[in-house]
Each structure stands twice: as structure tokens, then as C-alpha cells.
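Asker: Start from the sequences, fold in the hints, and give me the full structure.
Line by line, the protein sequences give chains A and B.
Just so you know, our numbering puts 258 at position 258 of the first sequence, and the rest follows in order with no gaps.
Just so you know, our numbering puts 89 at position 89 of the second sequence, and the rest follows in order with no gaps.
Hints listed in this document are in silico derivations from the structure and should not be mistaken for laboratory results.
Backbone N, C-alpha and C define an ideal beta-carbon position, used for all residues, glycine too.
One should not assume that every hint holds.
[What the hints assert, rightly or not] As a list, the in silico EDC-like pairs of lysine to aspartate or glutamate whose alpha-carbon atoms are at most 16 Å apart:
no.: 1; chain 1: A; residue 1: 153; chain 2: A; residue 2: 115
no.: 2; chain 1: A; residue 1: 526; chain 2: A; residue 2: 26
no.: 3; chain 1: B; residue 1: 48; chain 2: A; residue 2: 51
no.: 4; chain 1: A; residue 1: 425; chain 2: A; residue 2: 79
no.: 5; chain 1: A; residue 1: 171; chain 2: A; residue 2: 446
no.: 6; chain 1: A; residue 1: 525; chain 2: A; residue 2: 38
no.: 7; chain 1: A; residue 1: 197; chain 2: B; residue 2: 135
no.: 8; chain 1: A; residue 1: 153; chain 2: A; residue 2: 134
no.: 9; chain 1: A; residue 1: 171; chain 2: A; residue 2: 443
no.: 10; chain 1: A; residue 1: 425; chain 2: A; residue 2: 400
no.: 11; chain 1: B; residue 1: 48; chain 2: B; residue 2: 16
no.: 12; chain 1: A; residue 1: 112; chain 2: A; residue 2: 522
no.: 13; chain 1: A; residue 1: 526; chain 2: A; residue 2: 483
no.: 14; chain 1: A; residue 1: 525; chain 2: A; residue 2: 266
no.: 15; chain 1: A; residue 1: 112; chain 2: B; residue 2: 135
no.: 16; chain 1: B; residue 1: 48; chain 2: B; residue 2: 141
no.: 17; chain 1: A; residue 1: 50; chain 2: B; residue 2: 135
no.: 18; chain 1: A; residue 1: 112; chain 2: B; residue 2: 159
no.: 19; chain 1: A; residue 1: 171; chain 2: B; residue 2: 148
no.: 20; chain 1: A; residue 1: 137; chain 2: A; residue 2: 193
no.: 21; chain 1: B; residue 1: 155; chain 2: A; residue 2: 337
no.: 22; chain 1: A; residue 1: 526; chain 2: A; residue 2: 127
no.: 23; chain 1: A; residue 1: 50; chain 2: B; residue 2: 119
no.: 24; chain 1: A; residue 1: 68; chain 2: A; residue 2: 415
no.: 25; chain 1: B; residue 1: 48; chain 2: B; residue 2: 20
no.: 26; chain 1: A; residue 1: 197; chain 2: B; residue 2: 141
no.: 27; chain 1: A; residue 1: 171; chain 2: B; residue 2: 128
no.: 28; chain 1: A; residue 1: 112; chain 2: A; residue 2: 337
no.: 29; chain 1: A; residue 1: 50; chain 2: B; residue 2: 128
no.: 30; chain 1: A; residue 1: 112; chain 2: A; residue 2: 339
no.: 31; chain 1: A; residue 1: 112; chain 2: A; residue 2: 124
no.: 32; chain 1: A; residue 1: 68; chain 2: A; residue 2: 38
no.: 33; chain 1: A; residue 1: 412; chain 2: A; residue 2: 193
[To be verified] Taking CB as the label site, the calculated pair distances span:
no.: 34; chain 1: B; residue 1: 141; chain 2: A; residue 2: 58; range: 34 to 42 Å
no.: 35; chain 1: B; residue 1: 17; chain 2: A; residue 2: 317; range: 18 to 26 Å
no.: 36; chain 1: A; residue 1: 382; chain 2: B; residue 2: 94; range: 16 to 24 Å
no.: 37; chain 1: B; residue 1: 75; chain 2: A; residue 2: 425; range: 54 to 62 Å
no.: 38; chain 1: B; residue 1: 105; chain 2: A; residue 2: 317; range: 24 to 32 Å
no.: 39; chain 1: B; residue 1: 88; chain 2: A; residue 2: 317; range: 35 to 43 Å
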Amino acid sequence: MSNDPVDILIIGAGASGAALAWTLAETRMRIVCLEQGDWLNPAEYPSVGKDWESRQYSDFSISPNRRKRVTDYPVNDQDSPISVANFNGVGGSTILYAGHYPRFHPSDFRVKTLDGVADDWPLDYTDLEPYYAENDKMMGVSGLAGDPAYPPKPAVMPPLPLGKSGQVLGKGFNAMGWHWWPSDSAIASTTYDGRDKCANLGACTVGCAQGAKASSDITYWPHAIRAGVEVRTRCRVREISVNENDMASGVTYYDVDGNEQFQAAEVVVLACNGVGTPRILLNSVSNRFPNGLANRNGLVGKNLMFHPYASIQGIFDQPLDGYMGPGNCIWSQQFYETDRSRDFVRGFTYEITRGRGPIATALTGMFSGRIPWGEEHHQRYRELFNRITGMVAICEDLPEPHNTVSLDPELKDSDGIPAPKITYKLSDNSRRMLDYAVDRGAEILEAAGATDVMTEAPIAVGGWHLMGTTRMGVDPEHSVVNEWGRSHDVRNLFVVDGSIFVTSAGVNPTRTIQALSLYIGDTIKKRLTTLFD
Amino acid sequence: MSNEEPLLASDLPLSEPQREILRTLIGSIIPASRDYDAPGADDPLIFKDILVTARSYTDMFEAGLEDIDQQAIRDHDGVGFAALSETDRRAMAAQLSRALNPFLRTLVSITAQCYYRDDRVMQALGMEPRPPFPEGFTIEEGDWTLLEPVRRRGKLYRDVDG
Numbered sequence: 001m002s003n004d005p006v007d008i009l010i011i012g013a014g015a016s017g018a019a020l021a022w023t024l025a026e027t028r029m030r031i032v033c034l035e036q037g038d039w040l041n042p043a044e045y046p047s048v049g050k051d052w053e054s055r056q057y058s059d060f061s062i063s064p065n066r067r068k069r070v071t072d073y074p075v076n077d078q079d080s081p082i083s084v085a086n087f088n089g090v091g092g093s094t095i096l097y098a099g100h101y102p103r104f105h106p107s108d109f110r111v112k113t114l115d116g117v118a119d120d121w122p123l124d125y126t127d128l129e130p131y132y133a134e135n136d137k138m139m140g141v142s143g144l145a146g147d148p149a150y151p152p153k154p155a156v157m158p159p160l161p162l163g164k165s166g167q168v169l170g171k172g173f174n175a176m177g178w179h180w181w182p183s184d185s186a187i188a189s190t191t192y193d194g195r196d197k198c199a200n201l202g203a204c205t206v207g208c209a210q211g212a213k214a215s216s217d218i219t220y221w222p223h224a225i226r227a228g229v230e231v232r233t234r235c236r237v238r239e240i241s242v243n244e245n246d247m248a249s250g251v252t253y254y255d256v257d258g259n260e261q262f263q264a265a266e267v268v269v270l271a272c273n274g275v276g277t278p279r280i281l282l283n284s285v286s287n288r289f290p291n292g293l294a295n296r297n298g299l300v301g302k303n304l305m306f307h308p309y310a311s312i313q314g315i316f317d318q319p320l321d322g323y324m325g326p327g328n329c330i331w332s333q334q335f336y337e338t339d340r341s342r343d344f345v346r347g348f349t350y351e352i353t354r355g356r357g358p359i360a361t362a363l364t365g366m367f368s369g370r371i372p373w374g375e376e377h378h379q380r381y382r383e384l385f386n387r388i389t390g391m392v393a394i395c396e397d398l399p400e401p402h403n404t405v406s407l408d409p410e411l412k413d414s415d416g417i418p419a420p421k422i423t424y425k426l427s428d429n430s431r432r433m434l435d436y437a438v439d440r441g442a443e444i445l446e447a448a449g450a451t452d453v454m455t456e457a458p459i460a461v462g463g464w465h466l467m468g469t470t471r472m473g474v475d476p477e478h479s480v481v482n483e484w485g486r487s488h489d490v491r492n493l494f495v496v497d498g499s500i501f502v503t504s505a506g507v508n509p510t511r512t513i514q515a516l517s518l519y520i521g522d523t524i525k526k527r528l529t530t531l532f533d
Numbered sequence: 001m002s003n004e005e006p007l008l009a010s011d012l013p014l015s016e017p018q019r020e021i022l023r024t025l026i027g028s029i030i031p032a033s034r035d036y037d038a039p040g041a042d043d044p045l046i047f048k049d050i051l052v053t054a055r056s057y058t059d060m061f062e063a064g065l066e067d068i069d070q071q072a073i074r075d076h077d078g079v080g081f082a083a084l085s086e087t088d089r090r091a092m093a094a095q096l097s098r099a100l101n102p103f104l105r106t107l108v109s110i111t112a113q114c115y116y117r118d119d120r121v122m123q124a125l126g127m128e129p130r131p132p133f134p135e136g137f138t139i140e141e142g143d144w145t146l147l148e149p150v151r152r153r154g155k156l157y158r159d160v161d162g
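Answerer: Below, the structure is given as C-alpha cells:
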């Protein structure tokens, strides 16, 4: 390993860092990616053992505070009703994501114009459309063309099976006269790009041992590495340095042995998600940037958006898919767009969660009082086992400056780097949207034949999507990066992860994060001779 | 699986009396069932799995079990939890289940995790006692004609001009 200067230094090997590395590789520049985690070995994923479900509560937990791997950093999220979920390693959070893979809608980029709230994006759906298409091919997306909730878009592979759960709920939506459609999923329904097709393991969210789920370690990275990109694991970046011209000169990081290293670079790119990216910027304090790098307007870490989630689950008196099959199945965007007759603006997507495993069934029943202690346990358990299906509602969050990522004054990671602190308050608009989603979701389940409905809103552990903390825009006073991801303050510093989102939309962000990363990469390629102007 | 590995008693957490309280308690949470041909959570193999899993929570378990035992002694004339009559034990278990403190929530979680990965329990539920990978499972494709009403209703997304 050499720390000779590189052309492009990417921090973070997750969804966005992988896409950027791949698209820039054709330039033949020297590109290095520093990743604090490891390469994951699919042969060691939980689904190869009978204890697969338990490991969601330990080394494959979505919570870094529970997982506590040496490659994780702690997050103080005590001042938030929603806790942070992530994963650190090559592939980032795509290792544990469900593979729900919706695009944004045209209206999502024009929130201010259409609904008078938040801000418009400095680009639109048509700008991103070719990059969505390119990304769809790289990741491999299963779906069904013709969804009336979207402009026409091709499906790369056929949809995942409806199964018993999808059919029951599809009938429920039909009874209400409401939209539903097979979900776009980053899960291969056929063999694709050297990956095997989905085997219905039912364990998508603990890493896919089959290799059917498109985590970026098995999609973009093999192609990028073959094209010459270098990935260095167990390298945890502490700070980005700048020179007297306000240009980034490189990064200081700790290697696997805890030794401090410096990597010089012509261009530095942050791809560390909506919490990790502002954390590094705020830790990068210098005389020229006393409040953190790229933070002269004080916006770094502000406007944190989650997607507040509601869970609405029904109990049925017939066998459903239960522990088998991918969680992804169908979605509904009946309530996606603003309807002025409701008491909230913007909207949400219902994503059907196919079923749950035997342990999750037990915990759901025992903690909700539906499964008692004692002899009745077995009978009541069997009334729930393989008989639960339902949905989550993923609600659009709006940017608010008081929702922040800052540095915790005391908490540090194992290298002594200050940890992030989350301060987040659920807005009244989100609260009303959640309540509405729960009520309509219960109606769908009852129309589908549910005998009982269980709800949780917001889902306390549901901070999967971390957005908005270095927002993009054309105005340097009101944004951190410009319309192609370059810092307003530091002209060779870029951000390509969900931090740059202006608004959150009511869908999972990964497909848009990756399309944006490809868009920014393409812009860099087109502007190479004038990149720092 | 961990419950197939030989373990010395000294490798396990908790003192012998504490283990007995724990064994009695988890047997009250999920007792054996002849009707469903299912072992209880106090079955030796499952109990060992629970003990191994609980090693990360030894301090919490020691304190929580001590509290339960002291409550039994207070309420039942000096009789500890493990020595209660079946009637008294069931009554106390029902009381505990109605107000789950952090220890009991952790205990319930670990008990469920270890119980529902036991081969005999999986078989009693009609599952094959194997991990999901590599065989996987079969999901029926389903009836795609269910989408016809959705197709007929037509476009749903909002146009954006300019």
C-alpha cells in the first residue's frame, strides 16, 4: 500500500462511492477508495446457519450501537424518536438493505413549485433519467413495466413472485379501488451479471448469501476494480485537510493497525451517507474553516431527513408466505402526491412486507400481548405463525434546520474520532401523515381479510435513510454543494451520497443516490479541464 | 449451532442457584407441550443455548433473577421462585409478564431466539430444520391478472411542466 498522491480519493465504499468509482474508472485516473469496514464474505452471512434470524439482533443488527463491530462508529441518537440504521463495509448499507428500489417521481424534484414547501432541486427527473437507466443495468432491477404511478421506465428483469401474501394484499387494494404494483427490487429474478437468481431465502436484510440482492460489493465494485480502482479497507478517515487556496489537499486516516496516515489527493469525494459525511466535515476544522470544512454558511449537518415509517401488519386466518421469500413484493403509491383535502402535504408509499420469520413472529406476539406466557403459548403462536403480512408506509420527510447531525462532545469511536450526535424532532406534518397512513393501511388489511391489525408509528429503529445534511443547490448561501455535487467553498471537494438531497421524496433513496452519483461522475468527466473553475 | 457444542459448567454464566431460577422462569414462559409435540424452553439443549447467549448480559441477568427471587421470598413466606408450588409460580409468572422490565424483555427475546431455532421446535412447526441457504424456498408466482383493475384506472403520477 502506497500513500503516493492520487487523482481521486473517495471516502466510503457503499452505494454511491461504488457507482462513482466505476463511472470515473474509464478516465484511467488513479482512483483510491478508503473504506472503514471490511469486505464481507457471503459464505459467512447469517442465512447459512439456523441462527440466521437471531443474528439480526447482534453482529448483523441494523443499529451500529447494537452491532458494535470494530468497524462501526457509535451514534448518539438519544435525542431522536428514530434511531440510525447503517452498515460499514464494502457495499455499505446495501449489505443490509431490503433492496426496495423505487425511483423518485418528476414531482419530487419540484416540491416548492408544486406544493409551496421546502425547495426545488437544482435538477429534475429528466436530467437523472439516463443515469437511472444506467444504474438499473449495473445493479440489476426486477420489476414490471407499466406502473401507472411512474413515467414509462423499462424493467431489467421480471418481477419477484407475488406469492400468497402479495395476492391477498393485492385483492385488498383492489377492494378499496387503490393503486398497487409489483415493487421495483434490486434483487435478481433471473441470473444476472454473474449473480444467481433469488432463491427466496427470506433473509435479505442480513446479507444475501445467494448473491441475488444487488449490494454494491457484488455489482459495481468488481467492475470498478477490474478497471483499476483500488479499495483500501479498514481505513477510517479522521479529517480532510485544506491548503491556503481553500483546496483539499488530502485526508488523514487510521489504518487497520491504528496508525495515522496521510493520503494526498487532487480531488476528494465524500460518500459516507447523511450522517458520516457531515461528521467528517465537522471534524475537519482548520484556521480557514473553523466551523468545519465546507461549512462557511453553517449548513453542514443541518436539515437532516429520515423517512418516518409506519408499520401496519395484519393477522390472517390462512397460511401466507411467512418466513419464505424476499420481503419485497408489491407497493402502492395511491397516496403519494399532495392532496389538499388531507391535513398534510406530500405523501407516502406503502411497501408490502411479505411475512416474518419464526423468531420475529414470537417477539411480535409476546411483546404485543397476543402470545401469553404458559401453556397457551403454543396455540396462540400458531395463530400468528405464517399468518402475518402487511406493509410499511414510508413517509416523505421535509427539511428542517433544527434536525441536525453534530459532533458529540464526549462520545468517540475506537480511533478517538468524535462521534455524531443526532438531534431530530418529528414534524407535525409527518405525524399527521403517519396517522393517515396507519388508518388507510388498516382499511386495506381489513378489506384483505385481516382479523387483527398491529401498528407502530414511527418505527423507532427505522432510521435507514439519512439525507439532506449537505444539501445541493445553486445558491452558495443556502446549500453546501452545487448542482453537480461540488462544494461551494472547496472546489475540489465533492459529495455524492444522500447528504446532498434537497428533499427526501416518499420512497427509498438508494436508486436516486446512485443515479445522482453517476450524474456527478459524468459531469466531472465532461468538465475535467475546467473542474476547479 | 451453539447448543451442539460441548461446554463446561464453568464456561456458563450465573451461579447454580441462579441457573435454577432461570430454568424455572423460562419453563414458565414456554412450557413443553404434548399436544404440539414441542419441548419447553427449559429443555436441556435449549436451556444451554439460552445460557450461552445470555453471557453478554450476565450482570443484567444476575440482578434480574435476584429481584425475582427476592420478590418470591417476600410474597411467599420465604420460598424462593424455583421452589414455589406450580400454582404460585404460574401466578407470579403471569404477574411478571404483564410488566416487562428491561431484564424481562431481554430474557423473552433471548428465550424466543433460542427456542425457535431448535430443530425439534422447527419440525413441530412443519419447518425443515435447516438454514435458508442454499436450498431456499419456493414461492408461488401468483395471479398477475389481479393487476387488471389497476391498469384500467390509468396514469397516477403528477405531471411537471417546465
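Asker: Between the alpha carbons of residue 425 of chain A and residue 400 of chain A, is the straight-line distance 16 Å or under?
Answerer: With Cα atoms ~9 Å apart, residue 425 of chain A and residue 400 of chain A stay inside 16 Å; holds.
Asker: Regarding the pair residue 48 of chain B and residue 20 of chain B, is the alpha-carbon distance no greater than 16 Å?
Answerer: holds (12 Å)
Asker: Taken at face value, is the distance from the CA of residue 337 of chain A to the CA of residue 155 of chain B at most 16 Å?
Answerer: Judged against 16 Å, a Cα distance of about 13 Å means the pair holds.
Asker: With a cut-off of 16 Å on the C-alpha distance, tell me whether residue 425 of chain A and residue 79 of chain A pass.
Answerer: The hint holds at about 8 Å.
Asker: Checking one constraint from the list: CA of residue 525 of chain A to CA of residue 38 of chain A, max 16 Å. Satisfied?
Answerer: Distance of about 29 Å is beyond 16 Å: violated.
Asker: Could you grab the alpha-carbon distance between residue 197 of chain A and residue 141 of chain B and see if it respects the 16 Å cut-off?
Answerer: Holds, at about 15 Å.
Asker: Given the hint that residue 526 of chain A pairs with residue 127 of chain A, does the C-alpha gap stay at or below 16 Å?
Answerer: Answer holds: residue 526 of chain A to residue 127 of chain A is near 15 Å, not above 16 Å.
Asker: Would the hint linking residue 197 of chain A and residue 135 of chain B be met if the CA-CA limit is 16 Å?
Answerer: At roughly 12 Å apart (the allowed maximum being 16 Å), residue 135 of chain B and residue 197 of chain A satisfy the hint.
Asker: Can you confirm whether the C-alpha distance between residue 412 of chain A and residue 193 of chain A stays at or below 16 Å?
Answerer: Distance of about 40 Å is beyond 16 Å: violated.
Asker: Regarding the pair residue 48 of chain B and residue 16 of chain B, is the alpha-carbon distance no greater than 16 Å?
Answerer: holds (13 Å)
Asker: Quick one, are residue 171 of chain A and residue 148 of chain B close enough, alpha carbons at most 16 Å?
Answerer: Answer holds: residue 171 of chain A to residue 148 of chain B is near 11 Å, not above 16 Å.
Asker: Run the distance test for residue 171 of chain A versus residue 446 of chain A: straight-line Cα separation, threshold 16 Å.
Answerer: The given pair, whose Cα atoms are some 11 Å apart, holds under the 16 Å limit.
In summary, the numbered hints that this structure violates are 1, 6, 12, 15, 16, 27, 33, 35, 37.
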